[in-house]
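Q: Each chain, written out:
2 protein chains.
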Amino acid sequence: MEPAKDAREQHPDVQFDDTDRALLLALDEDPRMTTMALAQRCGLARGTVHARLERFREAGVLRLNSARVDPARLGRPLSAMVAVELDQHDIDGAIAALSRVPEVLECFAPAGETDLLVRVVARDPDDLYRVSEDVRLCPGVTRTRTSVYLRRVIPYRVGPLLREGLAANRLPKTR
Amino acid sequence: MEPAKDAREQHPDVQFDDTDRALLLALDEDPRMTTMALAQRCGLARGTVHARLERFREAGVLRLNSARVDPARLGRPLSAMVAVELDQHDIDGAIAALSRVPEVLECFAPAGETDLLVRVVARDPDDLYRVSEDVRLCPGVTRTRTSVYLRRVIPYRVGPLLREGLAANRLPKTR
DNA sequence: CCTTGATTGATCATTCTGTTCAAAGCGGAC
DNA sequence: GTCCGCTTTGAACAGAATGATCAATCAAGG
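The listed protein sequences derive, respectively, from chains A and B.
The first sequence begins at 6 in our numbering and counts up by one.
The second sequence begins at 6 in our numbering and counts up by one.
Among these hints, one or two may not hold up.
Far from chain A by the CB rule (all over 12 Å, computed), these chain B residues [as the list claims (entries may be wrong)]:
hint : residue
1    : Thr-39
2    : Asp-92
3    : Asp-129
4    : Pro-144
Selected chain A positions facing chain B (in silico; Cβ < 7 Å) [what the hints assert, rightly or not]:
hint : residue
5    : Asn-70
6    : Ser-71
7    : Val-74
8    : Leu-79
9    : Pro-82
10   : Ile-100
In case anyone wonders, no lab produced these hints; they're calculated from the structure.
Cβ atoms here follow ideal geometry from the backbone N, Cα and C, with glycine treated the same way.
Assemble the whole structure, with the sequences as input and the hints as a guide.
A: Put into structure tokens, the structure is as follows:
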């Protein structure tokens, strides 16, 4: 059975309720916390926690666990954004080719003149040049412009959104 | 005990070896897979798996579990990037203020003319206007320019980097 | 008020965990 | 080639947790 590639691909309309969010916040403390401990932290029955975790897993509403891996720890500390212009012919082909570049982390279609923004990582500036070339050589790509991210000022986080509006009694209980 | 905020903050030089990567790939199938099952999937001893998972947890080398949450499932389907110019006085103050905006997901300092790039989410266009204002009103922010991401073409993924160069016998064994 | 789905708490057989220990393996230094 | 230190393995065992089932209760919507 193949794991869900992306939460958005499955059940895109499913939203997290307050119980889900409480569990997700508790899992930030220790993602492998037992269901018994989660039940205690969240003031829920063990069966409820089990059911909710099963629902997360079966519905594929969370990103892959590897989303927690920093590419820097895989030898790619350099981060950059590549703005890509496309030939109007074969956007899907370009996207498929971009998907096959391992250094491509994610890709957006913004409003405005730029066709795609491609988030990439690399070992060092030379490697970034190579990765940019890999991107440029994807079919349908007519022009690229690379902007290096020098420093990550605020690391990726979703916790504040999870906590927002959650009643104090739904936050994980202090020990 | 406070969970690690960011993998980079703790042990920034720690890299994942092949065993780590094999485990991380197996965890993409099911992040709550038992250590027994992980040992079988990866051809490792149960004690080794236990030791490695403990090391992940104690060294804080993985991002928080909430990094797996799609903000769209928290009612913020709209994604955008805000380019920010700063007053040279108080960059740290600006960053601290930006950190307090829940809709701010992450923030980079790119090379070039733009001071900061701030990745934000919002409920809808009106809400995005409000969030952009929240960003603009942070101390030290002199000018902002917002670019809406219309579509996520390649969702965030690190799996290809994890798999790259990993010997076939280190990939999780097929059942 | 009724219905439906979710949650609770109890139960029980099975599985897993956490820890310890000795032995073996591996890689680097000399 | 030898030595040393660290990692991994496999076994053992007590205790904890799990997965599944079930009846009772609760909550929300019609």
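Q: Hint compliance check: list the failing hint numbers for this structure, sorted ascending.
A: Hints 1 and 9 contradicted; others consistent.
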